[in-house]
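So the protein lines, in turn, are chains A and B. So for the first sequence, the working numbering puts the first residue at 1000; every next one is plus one. So for the second sequence, the working numbering puts the first residue at -16; every next one is plus one.
It should be emphasised that the hints constitute simulated quantities derived from the structure, not laboratory data. None of the values given here were measured: they were computed from a predicted structure. Glycine included, C-beta positions come from ideal geometry on N, C-alpha and C. Wrong hints could be hidden among the right ones.
What the hints assert, rightly or not - The calculated label-pair distances, taken between Cβ atoms and stated as ranges, are:
{"#": "1", "chain 1": "B", "residue 1": "I222", "chain 2": "A", "residue 2": "F1086", "range": "47 to 53 Å"}
{"#": "2", "chain 1": "A", "residue 1": "K1104", "chain 2": "B", "residue 2": "G260", "range": "52 to 58 Å"}
{"#": "3", "chain 1": "B", "residue 1": "A53", "chain 2": "A", "residue 2": "V1050", "range": "40 to 46 Å"}
{"#": "4", "chain 1": "A", "residue 1": "K1104", "chain 2": "B", "residue 2": "I222", "range": "14 to 20 Å"}
{"#": "5", "chain 1": "B", "residue 1": "V100", "chain 2": "A", "residue 2": "D1046", "range": "30 to 36 Å"}
{"#": "6", "chain 1": "A", "residue 1": "R1062", "chain 2": "B", "residue 2": "L90", "range": "20 to 26 Å"}
{"#": "7", "chain 1": "B", "residue 1": "L270", "chain 2": "A", "residue 2": "F1086", "range": "36 to 42 Å"}
{"#": "8", "chain 1": "B", "residue 1": "S192", "chain 2": "A", "residue 2": "F1086", "range": "28 to 34 Å"}
{"#": "9", "chain 1": "A", "residue 1": "I1075", "chain 2": "B", "residue 2": "F182", "range": "23 to 29 Å"}
{"#": "10", "chain 1": "A", "residue 1": "S1078", "chain 2": "B", "residue 2": "F95", "range": "36 to 42 Å"}
{"#": "11", "chain 1": "B", "residue 1": "Q240", "chain 2": "A", "residue 2": "I1090", "range": "46 to 52 Å"}
This is what each chain is made of:
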Amino acid sequence: MAKNRPQAKVIDFGTARKHVKPATEAKATGTSQPKPFLETWLKNHEDSQSVVQENLSLKQQKRRLEEERDSLIPSIPESTLYYTAIFFGLIITMSWLIGSLLWGKS
Amino acid sequence: MLRYGLFISLITIIIWATERVLSRFLLVAHHVNPIIFTCFSLFICSVVLILIAGPGKGGLQTLRQPHTWAYGALQVMMNTTDMLMLALITSTEASFLARLSIIAAILLKWVFVHGFVPNRYDWYGMPLILVGIGIVAAGLSPDIRVMALFWLVLTVLFNTLRTLIAETHPTAVQAQTIRQRCRVTGYVVMTTSFVLTVFLFVIAGVKGSVPADKGMAFLNLMPSLTELMDQRTLFAAAIMGVTLLPLAMYFYFYAAQVAKTEIFMMVASVQPFIAYGLERTLHSFGLGNVQQVTPTDLAAGAIIVSGALVMVYGRYLASTSRSE
């Protein structure tokens, strides 16, 4: 009985995803062989999951952008902030000291 | 490690005491403006702290926190009221009286921090500290006593609130290394001292444009444009901001890392005596005046320090029993 079923396809769930061709690709190559139900189901499930993930990441990006738009402080790299702070600090310090030498009383 | 922690804590306390004694000397002998001095020295100190820290994570996150702005404002206000207090009393007396912050911290934590209850040793130490503070306050000259105590209460209040905010500041709590702590503190102090600088210049501009007889009482308290450009104040603040202030903050962070908090607090409780030693040294060179400090003040100081040590000992016992 068992010998009569060598063609029966055993689906290994661990590797199934790797072997599945995307539906669009299958159409493009023109292969019209009917796909087993589980393979199609897995493919659809994978596609829907990736759409969900994409939507989630888009939502996160949108939220982050909104937060940054509301914040007074723009999002800049940390190194830029560091050099800006140092430059700004030195400019203020030097101008105040030079100003006191020019216009201040001793 | 314990000896190293003690050594670093002692260096930190000596730097703190030196900073206080020098601030008083500059105030009394050179008549620097306390608000401008505080603001400018903290601004320069922040630049040095950011330079020490170097580029890295945490800067932007710090600036976005509302805690940052509250902490910075309290830091500036605390330094200003401390300077105003030092204009009236000696650094030694101020250091003794400032121990009131120990009691204020415990009471505020008891009210606001869930689950915090003072231990047995706190109840032994607090009356001792109060008695000592009472004796020092009674020894102050009657014409300055009320004002000195007023500035003391404000300093203690700002300091305690600042500590509470620092303990709950999300970025400051995450900052683990000394460099991270320098970076966070640097950005915090820079933003607030800059805002205060702008505020001072705006007020000075308004003060200059309003006729003196029509000026409001509030404006009279604020520095004028001439005072904002006072060379003595600015250069003294620049020296203090480049040398002692960043050193004091850096060593404090270092001490907090290598010594246990209890060990550091224990060493910190003897700070008034170090301040007294430094003031005496300055006095022997003909600088400053410690004649205000009487033997009664020193005895009261000993009571305050013993009260503080009892409380620290209680914490030490609690921490050792926890670790066992």
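Verification of the supplied hints:
1. B/I222 to A/F1086: 47 to 53 Å: violated, 22 Å
2. A/K1104 to B/G260: 52 to 58 Å: About 35 Å separates the Cβ atoms of A/K1104 and B/G260, which means 52 to 58 Å is violated.
3. B/A53 to A/V1050: 40 to 46 Å: Because 44 Å falls inside the window, the suggested range holds.
4. A/K1104 to B/I222: 14 to 20 Å: Given a distance of about 19 Å, which is inside 14 to 20 Å, the answer is holds.
5. B/V100 to A/D1046: 30 to 36 Å: violated, 58 Å
6. A/R1062 to B/L90: 20 to 26 Å: violated, 41 Å
7. B/L270 to A/F1086: 36 to 42 Å: holds, 38 Å
8. B/S192 to A/F1086: 28 to 34 Å: The hint (28 to 34 Å, Cβ to Cβ) holds, given that B/S192 and A/F1086 are roughly 32 Å apart.
9. A/I1075 to B/F182: 23 to 29 Å: holds, 25 Å
10. A/S1078 to B/F95: 36 to 42 Å: Hint holds: Cβ distance 38 Å, inside 36 to 42 Å.
11. B/Q240 to A/I1090: 46 to 52 Å: violated, 33 Å
In terms of the numbered hints stated before, the structure departs from hints 1, 2, 5, 6 and 11, listed from lowest to highest.
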